[in-house]
Amino acid sequence: DAMVIQNPRYQVTQFGKPVTLSCSQTLNHNVMYWYQQKSSQAPKLLFHYYDKDFNNEADTPDNFQSRRPNTSFCFLDIRSPGLGDAAMYLCATSRAGTGEETQYFGPGTRLLVL
Amino acid sequence: GQQVMQIPQYQHVQEGEDFTTYCNSSTTLSNIQWYKQRPGGHPVFLIQLVKSGEVKKQKRLTFQFGEAKKNSSLHITATQTTDVGTYFCAVEGAQKLVFGQGTRLTINP
Chain H
1 DAMVIQNPRY QVTQFGKPVT LSCSQTLNHN VMYWYQQKSS QAPKLLFHYY DKDFNNEADT
61 PDNFQSRRPN TSFCFLDIRS PGLGDAAMYL CATSRAGTGE ETQYFGPGTR LLVL
Chain D
1 GQQVMQIPQY QHVQEGEDFT TYCNSSTTLS NIQWYKQRPG GHPVFLIQLV KSGEVKKQKR
61 LTFQFGEAKK NSSLHITATQ TTDVGTYFCA VEGAQKLVFG QGTRLTINP
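Residue numbers (the working numbering), protein chains in the order written: chain H, 1 to 114; chain D, 1 to 109.
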C-alpha cells in the first residue's frame with residue numbers, strides 16, 4: 001500500500017551526538033513536512049518542503065536541519081540534540097494544489113536523548 | 001498567523017455517553033480538517049469540511065462547519081472504547097496546516 005514510512009521507529013542518542021531521522025513516501029506527494037510532538041501537545045511544524053523549496057518555521061531552532069534529495073525521501077538532522085529535543089518526530093506528506101490539502105502522517109520516530 | 005482554539009482540552013466520559021469537541025477561529029476559514037490520534041499513534045485524517053453550514057457523518061461521528069465558517073464541531077454519539085484518543089482540528093495556513101490544541105478523550109468502560 002502507498003504510505004509514509006519513517007525509520008527508525010525509536011532512536012536513542014546521546015546529548016550532543018548528531019542524529020538523522022528519515023522519511024520516505026510512495027504517494028508521490030510534492031509536499032513533505034516535519035513535525036515535533038511532545039507529550040499531550042499538538043504537532044509543532046518544524047519545516048516543510050514544497051517540491052524542492054525549503055520553508056523553515058520562524059521558531060525552529062538552527063539545531064534542526066532538513067534535506068530532501070528527491071521526491072520520495074526527506075531527512076531530519078538534529079546537529080546537537082539536547083534533552084529538550086526528546087519527542088516524537090512526525091513526517092507528513094500532502095499533494096498541494098488539489099484543493100484538498102489532507103496530510104498523511106508516518107508512524108513517527110520517538111527520540112530519546114540521554 | 002492563522003490560529004484556531006480548540007476546547008475542551010480533556011474530556012472523560014462513560015462508555016455510551018456522547019462527546020463533543022469544538023474549534024473556533026477569529027477569522028473566516030476556507031476549510032477545516034479533523035484528525036484523530038490514538039495513544040502512541042500518529043494523526044490520521046478523518047474529514048475535511050469546506051462549505052458553510054456543512055454537516056458530514058461517519059457512522060457515530062458528526063462533523064459540522066458553522067454558517068460563518070469560523071467554527072466547527074465533532075460530535076461522537078454513544079462513545080465506544082475504540083474512540084479513545086486525541087482529536088485535532090486543523091486549518092490551512094500558507095502551504096501548511098495549523099493544528100488546534102487537541103481534545104484528549106478518555107473513556108470509562
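If you are wondering where the hints come from, they were derived from the structure by calculation, not from laboratory data.
Cβ atoms here follow ideal geometry from the backbone N, Cα and C, with glycine treated the same way.
There may be inaccurate statements among the hints.
In silico DSS-like links for lysine-lysine, alpha-carbon gap of 27 angstroms or less [as the list claims (entries may be wrong)]:
no.	chain 1	residue 1	chain 2	residue 2
1	H	Lys44	D	Lys70
2	H	Lys38	D	Lys59
3	D	Lys59	D	Lys36
4	D	Lys59	H	Lys44
5	D	Lys69	D	Lys36
6	H	Lys44	D	Lys69
7	H	Lys17	H	Lys44
Rough simulated footprint, nothing fancy, chain D against chain H, three-plus residues with beta-carbon under 8 angstroms [as the list claims (entries may be wrong)]:
no.	stretch
8	35–46
9	102–112
Partial chain H-side listing against chain D, Cβ under 8 angstroms, derived [claimed, not checked]:
no.	residue
10	Val31
11	Tyr50
12	Asn55
13	Leu90
14	Ala96
* **Those earlier numbered hints the structure runs against, lowest number first** => Numbers 2, 4, in rising order.
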